[in-house]
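> Make the full structure from the sequences, and use the hints.
Line order of the protein sequences matches chains L and D.
Positions 1 to 344 (this note's numbering) are the ones given, in order, by the first sequence.
Positions 345 to 455 (this note's numbering) are the ones given, in order, by the second sequence.
Among the clues, some could well be false.
[Unchecked claim] To spell it out: a stretch of chain L is covered by chain D in this simulated footprint if at least three of its residues, at any positions, have a beta carbon under 8 Å from a beta carbon of chain D; those stretches are: (1) 8-17; (2) 24-34; (3) 109-119.
Keep in mind the hints are simulated off the structure, nothing from the lab.
C-beta atoms are modelled at their ideal positions from N, C-alpha and C, and glycine is treated no differently.
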Amino acid sequence: MKSIREPGQLLIVDDNRVNRILLARGLEQQGHIIETAENGAQALEKLRAKPFDLVLLDIEMPEMNGYQVLETCLKDSELRDIPIIMTSSLDELNSVVKCIELGAEDYLNKPINPILLQARVNASLEKKRLRDEQRKLFRTFATKEVADELMKSGFSLGGKYVEATVMFADIRSFTSITETHDPSEIIELLNSYFALMFEAIVRHGGTVNQMVGDGLMAVFGVPLQNENHCEKAVCAAIEMVDLLKGFNIRQSDLGKIQIRIGIGIASGKMIAGYTGTEHRATYTCIGDTVNLAARLETHTKQAGKSILMDRNTRDRLNESFTVESLGPVLFKGKLQPIQIFSLR
Amino acid sequence: MLEIDKAAFEELKQMSGASFINELIDAFLDDAPNMIQQLRVSLAAKDVETFRRNAHSLKSNANTFGAVQLAALAKELEFKARENDLEIGNRLEVMNEAFLKVAEELKGMRT
Numbered sequence: 001m002k003s004i005r006e007p008g009q010l011l012i013v014d015d016n017r018v019n020r021i022l023l024a025r026g027l028e029q030q031g032h033i034i035e036t037a038e039n040g041a042q043a044l045e046k047l048r049a050k051p052f053d054l055v056l057l058d059i060e061m062p063e064m065n066g067y068q069v070l071e072t073c074l075k076d077s078e079l080r081d082i083p084i085i086m087t088s089s090l091d092e093l094n095s096v097v098k099c100i101e102l103g104a105e106d107y108l109n110k111p112i113n114p115i116l117l118q119a120r121v122n123a124s125l126e127k128k129r130l131r132d133e134q135r136k137l138f139r140t141f142a143t144k145e146v147a148d149e150l151m152k153s154g155f156s157l158g159g160k161y162v163e164a165t166v167m168f169a170d171i172r173s174f175t176s177i178t179e180t181h182d183p184s185e186i187i188e189l190l191n192s193y194f195a196l197m198f199e200a201i202v203r204h205g206g207t208v209n210q211m212v213g214d215g216l217m218a219v220f221g222v223p224l225q226n227e228n229h230c231e232k233a234v235c236a237a238i239e240m241v242d243l244l245k246g247f248n249i250r251q252s253d254l255g256k257i258q259i260r261i262g263i264g265i266a267s268g269k270m271i272a273g274y275t276g277t278e279h280r281a282t283y284t285c286i287g288d289t290v291n292l293a294a295r296l297e298t299h300t301k302q303a304g305k306s307i308l309m310d311r312n313t314r315d316r317l318n319e320s321f322t323v324e325s326l327g328p329v330l331f332k333g334k335l336q337p338i339q340i341f342s343l344r
Numbered sequence: 345m346l347e348i349d350k351a352a353f354e355e356l357k358q359m360s361g362a363s364f365i366n367e368l369i370d371a372f373l374d375d376a377p378n379m380i381q382q383l384r385v386s387l388a389a390k391d392v393e394t395f396r397r398n399a400h401s402l403k404s405n406a407n408t409f410g411a412v413q414l415a416a417l418a419k420e421l422e423f424k425a426r427e428n429d430l431e432i433g434n435r436l437e438v439m440n441e442a443f444l445k446v447a448e449e450l451k452g453m454r455t
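Okay, here's the thing in structure tokens:
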């Protein structure tokens, strides 16, 4: 049988002392760390006080029964990710079905079979570990909401058309900076820079989905739908430029490199989906709109502006944004000249 | 007559660890008389819910120790209560007798 890799923090909830002792001793022998609760209210109190990896929950309890604890946990965003295994006697099958339908992870019949107990506890802990790891990975690149949405919907590999806003940003003249500075200083610079940019993007509901060298691509309005994705992207861009001003002042005080960035933003229809293999995949957007955002970002240098956007983006901004038209520009790979706009 | 199913008891020993079997037996011998007392009180008060829950707990623990007959008697009471029926004749006393035998046997099984 598969042995556990690392012990879990388990909460055993049962009003019956013999059952509590039995479950606790059995699982302690396997190396898990056990706490017990005698009723539903006590269980919730313990669950809110510290993190648990798994709950073994009796259905039949006085005052607050197993259903009520289960429902309370599932409604609580802080608790709903903790897997719950219901424990019940064989003649409560209907209750068990109800709990699984509500969202319980699994169930165990009493009297507990030790082999099944070990197998189900280990399987649940393993699943939770995988989910935790996935979530951690997503959170590095996206907001908590996006991470939760991705966890919930899973990864449908098929792409779909979406309406969204794409942003490209990179550091001006980065190549010459890399040639004239110490490698450790370059990496430190990049890390500080990305930390600031991520902060601004994530705060405005965006998801950073690619980083290459000093460049990044972010999407707004996907994977989570968001009606104001144009404004959100522009606000993020403004904040990125502002944060960089502060960053440059600090850099100047320390006698270190100052940097400038260019940001291109375009909105419209695009194809969104996961690309890659099952071992390594990324959420990405593809299409003319995405190409245009990349071209706009490149064009910031020539235009002498920090932020450039297309007409679709401009049209969906409210009056509080001051936008100037820079006229039509014929971009490489495009048949028609494109109207471009800059902020301020 | 043996009250305890030996195979079930051995499984229990294996699960809790031989050193904890005494702790389990003691907890049961401690708690079960309270459950039976609760059954008497709730029967007198016609408190079906408390009666049902205590019968359920006793059944659950009897099953854990492999006390097959005691479990069956407790289950009978639990199911009567589920039907809202507390006309149980002398079944509670029959169950108490069964418990006393189980308790004697379990005391001898402490290690």
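> Decide, hint by hint, whether the structure agrees.
Quick rundown of the hints versus the structure:
1. 8-17: Contact hint for the stretch 8-17 of chain L vs chain D: holds, 3 residues under 8 Å.
2. 24-34: As far as the stretch 24-34 of chain L goes, the hint holds, because 3 residues have Cβ atoms under 8 Å from chain D.
3. 109-119: It holds: at least three residues are needed, and the stretch 109-119 of chain L offers 6 whose Cβ sits within less than 8 Å of chain D.
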